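Colleague: One letter stands for each residue in the lines below.
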Amino acid sequence: MKKIAKAKIDDLFKAISEKEVLYLPVDDAQGQAAFIPWKEGLKMSGDLNTVRSAKDLFFPQVESLVNFKMDGKKLEIIDAKRENDPFVIFGVRPCDAKSFEILDKVFYYSEPVDSFYIARRDKSTVVVLACNEPEETCFCQAFGIDQAEAAGGDVSAWEDGENFYFKAVTEKGEALLEGLPLEDAEDGAADDIKKAAKAVMEKLPLRDLDLSKFGAGKTQELFDDPAWAKLSESCLGCGTCTFVCPTCQCFDIKDFDGGKQIRRFRCWDSCMYSDFTQMSAGQPRPTQKERFRQRFMHKLVYYPDMHEGMFSCVGCGRCLRKCPIHMNIVKVIKTIGEEK
Amino acid sequence: MQVKENFTPTIVAFCCNWCSYAGADLSGNNRLEYPANVKIIRIPCSCRLNPMFILRAFQRGADGVILCGCHPGDCHYTTGNYYARRRMTLLFSMLDYLGIEKERTRVEWVSAAEGAKFAQTMNEFVEAVTALGENKRLEDLRCKQ
Amino acid sequence: MQAVIKKKAKELLECGTVDRVLGWKAGEFFYDLTPAVFTTPEEIDKDFVFSVFSGANMSKYLIEETKKEGKVAAFIKPCDSYSLVQLQKEHRIKRENCYIVGIACDGMCDMGLVREAGIKGATAVSEKDDKLVLETIYGEKEMPKEKALLERCVHCKSKKVVDFDEMIGENGEENPDCGRFDEVERLEAMTPDERFAFWRSQLSRCIRCNACRNVCPACSCEKCVFDNPDSGIAQKAAASDFEENNFHIIRAYHVAGRCTDCGECSRVCPQNIPLHLLNRKFIKDMNELYGFYQAGADFETKPPIMNYTTNDAEPSVVYQRGGSK
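Protein chains in written order, with the working numbering: chain X, 1 to 340; chain W, 1 to 145; chain U, 1 to 325.
Hint data in this document are derived by calculation from the structure and do not stem from the laboratory. Note that this is a predicted model, so its numbers are computed, not measured. Be aware that a few hints might be false.
The calculated SDA-like cross-link candidates involving lysine to any residue, where the alpha carbons are at most 25 Å apart (straight line), are [stated by the list, open to error]:
id	chain 1	residue 1	chain 2	residue 2
1	U	LYS284	W	ASN50
2	X	LYS334	U	GLU43
3	X	LYS198	X	SER45
Just chain X, same shape as in the assembly (with noise of 0.2 Å):
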């Protein structure tokens, strides 16, 4: 285990970025923590989560697949995929990084792969910070995240009062320690924040979420039930839920003809908006109703159904504090929960 004061943590910033690009959670002009690339004058943000989710990095909200130029007869086809170069992203809490696994079970694992996000995720080297002071909005705990081990990624790190703490998980993790300006720190250095950690997690309201209503195999079970009628009654259909989502992977393709080149580009798209998958023979989610539905079964029991049982949400409780209206997941679980 290694470690280094907090007074000197812009000389570890530095000796990082030296190396590669670094991304770090820095508040922006509205106080909002957002992950851009560090340099000399950037200070983390306190906050215990960024507005946007660490996703970004790997799959990003708009991004370009490949031109189209014609030329009279002629067309040319313009690959737009760039390479990337190798980064780092410090400070993923240990909800993102469960989020990556998700991800990763779409784009990564799954054919037909995803070569833009495997090209960028093989490029990256992850730093998981543990969370000290949870808030009570978080409810990765019913997910089995554990907010005090900081698992998930390269690299696990703990912050108390002086220190940061790093505990190299994967080759990539060791070979980012490497040469950083690191002082060595005993094995169990770590362990009192970790304590620290797990008291405040007892505490935390939403800690005992019960998932038992849900997973694979449920969606006859709970595709007609009444509440879902009730539940999405006050939703705008905005898509703020979909868009802060660490786990939320469904994007659109489409083509932007600007005159001298067509661009083919994915954005994001969100279950929440009207025009989700629609097709020529129309809307298959006529209203609200099916298109809440729609994300909730989708993180709940569909991709459960393809994925081992394993839920698409990891609690990091993005929608909590951002719906307009307060609708969320915790609220969904809660309520189809307790009716049966």
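Starting from the structure of chain X, add chains W and U where the hints point.
Modeller: Here is chains W and U on its own, set in the frame of chain X:
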């Protein structure tokens, strides 16, 4: 703003069918000159101009957009240009608020008898936009490359 | 206040004046209230909440609710009531299908601001004098209530409920000196370069979740132009700077003259973009150029953008006013 050498701006002129389009016609009949980079789009009335048309013209490569219509009081549909006047005032003010050069947009009233005014207006506007240089703040790079 | 409102809601259901009540439903915490329709007095007893976190504007929901059969009761705060009147002017709300209870309002709080003040893990709240006392998983914390007030409440334009069947609490007055245009003036005084930099730094953070549009009572088109694939500008995400600007200019423009400045757009923005500054620019311009107008203040006055005089200012007026060159 850096002005490229030999920069000729692309100007989109929305002209009302009843006055200004005829005014443009007259300026042509009279062999009056105005730059060829003024692209005229005929609209049924100045109030047909959806603010989005202006933004879209900028997106698609315009460096300046001008709206020409009948003089207030002379609208073929009696009141269309009065509404257009308010709409454009508010839109131009908003563009200015967002930091987009206000000289890139203009409204001029040109009647069917004012061929000379049409040519003069276009010459002046092209000159003003040339001085500003390329539209950078409302451009869409995807339309340029 | 909550007790009186709950009593009134139950009374209206029991005596058959209405068969549904639109209100705020309790969530997991003290602050995550969801607009909901209540149909029985038992539901109201169990879940109805009115607190300083009942910020959501109920008028938007009345568009759909009043299309249904029967009558719905709604509790309307002063700023909601302007939207209510404006929507009636546009024939979007069937007034005969709703029963409006006006409620006096001292300002609504925002959990985002509580969090920004550094208070983490809040699980309960109480008010003491001018302070919010928050119980958190890290012990008790307190903060001045005014620091947690929504922007629209800090600059509250009116405490008057303009349309109601009955009133709970005393109806207030309009407040023309609320200073809501101060920030717009500050921006106008900047140079265009500064303004451009300011708006780029704000709008470039937009994630196009459409929350500002969908929550807006004035945005009540059946199909938005940005959702219509035939419009040529439909976007699911802003793929260029232009599209960001375009969306926000058009969003604000399309509600100009109908926007009551209820502030919902800024309240719901997940990225905290000050969207109200766009809407207020239009309001301020219209006030200055065409005479004072407050959307939703009455049923008669025509909005400036649907009106004209023969001696209006020419668009060239823009070259003389607004910020320096």
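Colleague: Indicate, hint by hint, whether the structure satisfies it.
Modeller: Status of each hint after checking the structure:
1. Restraint check: the Cα-Cα separation between U:LYS284 and W:ASN50 comes to about 22 Å, which is no more than 25 Å; the hinted pair holds.
2. The straight-line distance between the Cα atoms of X:LYS334 and U:GLU43 is roughly 17 Å, inside the 25 Å bound, and the hint therefore holds.
3. The suggested pairing of X:LYS198 with X:SER45 holds, with an alpha-carbon distance near 23 Å, which does not exceed 25 Å.
Checked against the numbered hints given earlier, this structure breaks none of them.
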